[in-house]
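Q: Using this note's numbering, you'd call the opening residue of the sequence shown number 239 and step up by one each time.
To be clear, the hints were calculated from the coordinates, so they are not data collected in a lab. Be careful, since some hints might not be right.
[Unchecked claim] Under the rule of at most 27 Å between Cα atoms (straight-line distance), these lysine-lysine pairs were calculated in the BS3-like manner: (1) K322 - K346; (2) K338 - K318; (3) K322 - K338; (4) K318 - K346.
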Amino acid sequence: MHARETNKKTLREEPNTRNKSTEIVHTNVCGPIEPFTWDGNRYYITFLDNFTHHTSVYLMRGKYEVSERIEEYIEEAEAKWNTKFSQLRCDNSTEYTNEKVKLYCRRKGIRINHTTPYTPQQNGRAEQDING
239 MHARETNKKT LREEPNTRNK STEIVHTNVC GPIEPFTWDG NRYYITFLDN
289 FTHHTSVYLM RGKYEVSERI EEYIEEAEAK WNTKFSQLRC DNSTEYTNEK
339 VKLYCRRKGI RINHTTPYTP QQNGRAEQDI NG
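Take the sequences, apply the hints, and build the full model.
A: Structure, rendered in C-alpha cells:
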C-alpha cells in the first residue's frame, strides 16, 4: 500500500547567511488585540533582525500606521547599528504591498522580500514572535 502526499512541500525561510545586523529584517502585523491598550492601540508590528535576533515591537491604532512604523524602525535601526538596511521580509498583506511602503524602500535601496501566499513558515521568525 502506498500513501500519497497531500500537501506540497513549501520552501521554508532561507538559512541565516547574513553576517551583520539589518541585512535581513523580518516583520509581521498582529491584531486586533483585545482588550486594546488604554490609549486605543489595537494592533502591533514586530521587527526581528535575522542576525542579532533583536526584536522591536511598535503599537498601532490601526493597520494604516504600518508604513509609518516601518519608516520609524528603519531610521532608528540604521542609526543604532550604524549600517544600511538590505532586505525587509514580510507577507503579502496590503499594508506591506502599498505604494507608500514600496516607494520608501525603493528610495532607501531596500529590497522587499514577500513570502509566497499562505506560507507563513517562510517568514518563520516573525511568525514565531507573534505565535509564541
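Q: All hints are to be evaluated individually against the structure, with a verdict given for each.
A: A quick look at each hint next to the structure:
A C-alpha spacing of about 9 Å is found between K322 and K346, which places the hinted pair at or below 27 Å, so the restraint holds. Taken as a hint, the K338 and K318 pair is honoured in the structure, with Cα atoms around 24 Å apart against an allowance of 27 Å. Between K322 and K338 the alpha-carbon distance is near 19 Å, which keeps this suggested pair within the 27 Å criterion. Pair hint K318 plus K346 holds up; C-alpha atoms about 17 Å apart against a cutoff of 27 Å.
Of the numbered hints listed earlier, not one is contradicted by the structure.
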